[in-house]
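There are 2 protein chains.
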Amino acid sequence: MQITFQPIGTIHTPYREKAPYQPVESDEGTFFLEMSPDYEPGLKDLDTFKYIYVLYFIDRLVKEVSMDVAPFWAGEIEVGLFASRSPLRPNPIGLSIVKILKVERNIITTSGLDVFDGTPLLDVKPYIKDLDSKADANYGWVDKTGDMRHLALHILGIPHEY
Amino acid sequence: MQITFQPIGTIHTPYREKAPYQPVESDEGTFFLEMSPDYEPGLKDLDTFKYIYVLYFIDRLVKEVSMDVAPFWAGEIEVGLFASRSPLRPNPIGLSIVKILKVERNIITTSGLDVFDGTPLLDVKPYIKDLDSKADANYGWVDKTGDMRHLALHILGIPHEY
Chain A
12 MQITFQPIGT IHTPYREKAP YQPVESDEGT FFLEMSPDYE PGLKDLDTFK YIYVLYFIDR
72 LVKEVSMDVA PFWAGEIEVG LFASRSPLRP NPIGLSIVKI LKVERNIITT SGLDVFDGTP
132 LLDVKPYIKD LDSKADANYG WVDKTGDMRH LALHILGIPH EY
Chain B
12 MQITFQPIGT IHTPYREKAP YQPVESDEGT FFLEMSPDYE PGLKDLDTFK YIYVLYFIDR
72 LVKEVSMDVA PFWAGEIEVG LFASRSPLRP NPIGLSIVKI LKVERNIITT SGLDVFDGTP
132 LLDVKPYIKD LDSKADANYG WVDKTGDMRH LALHILGIPH EY
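Protein chains in written order, with my numbering: chain A, 12 to 173; chain B, 12 to 173.
Treat the hints as calculated values from the structure; they're not laboratory data. Note that this is a predicted model, so its numbers are computed, not measured. Check each hint, because a few of them may be wrong.
[Said to hold, decoys possible] Here are the simulated SDA-like cross-link-like pairs (lysine to any residue), alpha carbons at most 25 Å apart as the crow flies:
(1) B:Lys113 <-> A:Ala81
(2) A:Lys155 <-> B:Ser77
(3) B:Lys110 <-> B:Asp147
(4) A:Lys55 <-> B:Lys110
(5) A:Lys155 <-> B:Arg116
(6) B:Lys140 <-> A:Lys55
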């Protein structure tokens with residue numbers, strides 16, 4: 012079974028050679044989603060939300076997918092691929108949560124996004140408080156590293172190459 | 012540009028004719044993700060997380076995609092498609108957050124999922140507290156309806172057909 016999608020637009024970021032691991036809200040530069048003009052009417056009311064999910068095709072992968080991953084910031088810990096947010100996945104669909112800064116015509120300007128410039132956009136969904144914000148979520152194996160500082164660095168976005 | 016994915020497994024739910032709009036944590040029945048056996052090693056450590064994101068292909072759509080949607084529970088409000096969580100999207104990628112109940116071999120048993128039995132699974136990602144739980148998220152246009160009871164009903168899962 013093959014599932015086929017087409018981009019609904021393109022993501023623009025300042026990142027050409029290196030990109031952070033996760034969205035860096037305060038990062039400098041301009042980040043925006045350029046939707047295909049046909050989809051402009053679909054953006055009505057989107058700016059009433061503070062956060063959105065951005066789904067995209069991680070198109071600049073050069074390494075092979077492995078079922079074990081060892082995030083370099085996590086010391087010697089090796090975990091299963093699906094217990095990680097590694098971009099090297101069987102279906103490389105990226106998922107980032109960012110703030111909406113403004114919506115004008117077919118352009119959504121956002122806070123920092125963790126993707127390369129030119130990344131194909133697959134979907135935009137509103138992040139809705141009760142549905143998506145799980146106050147009782149945990150840190151999983153990351154807690155076991157005993158070094159949450161690494162997670163913080165990770166979230167703050169150490170530049171990297173895929 | 013065409014982007015092609017293949018399912019990494021199948022989602023099993025009790026829903027054959029009707030499914031709720033959003034995950035219903037307490038719903039009766041068994042909900043599980045059956046991963047392709049090749050991906051079983053990738054599930055290591057996944058059970059250290061309380062919540063996961065489940066990404067899937069919404070394969071049972073019969074209506075046409077429209078850039079305006081009017082969620083029936085939202086009164087007379089019409090909003091842009093991308094300001095909604097409607098399954099009828101240009102790229103019908105579903106995104107649900109569920110609790111992990113257990114992981115055994117290539118099977119992830121979860122709390123209630125809002126999809127039809129047999130839905131093709133695209134990806135599983137850990138939901139990580141600091142990264143994904145936005146305490147300052149809002150309700151967007153849903154707040155404008157002045158009737159949050161409808162949102163609650165929606166989240167609690169009024170059965171529906173696509």
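| Quick check: which numbered hints come out false for this structure? | 2, 4 and 6
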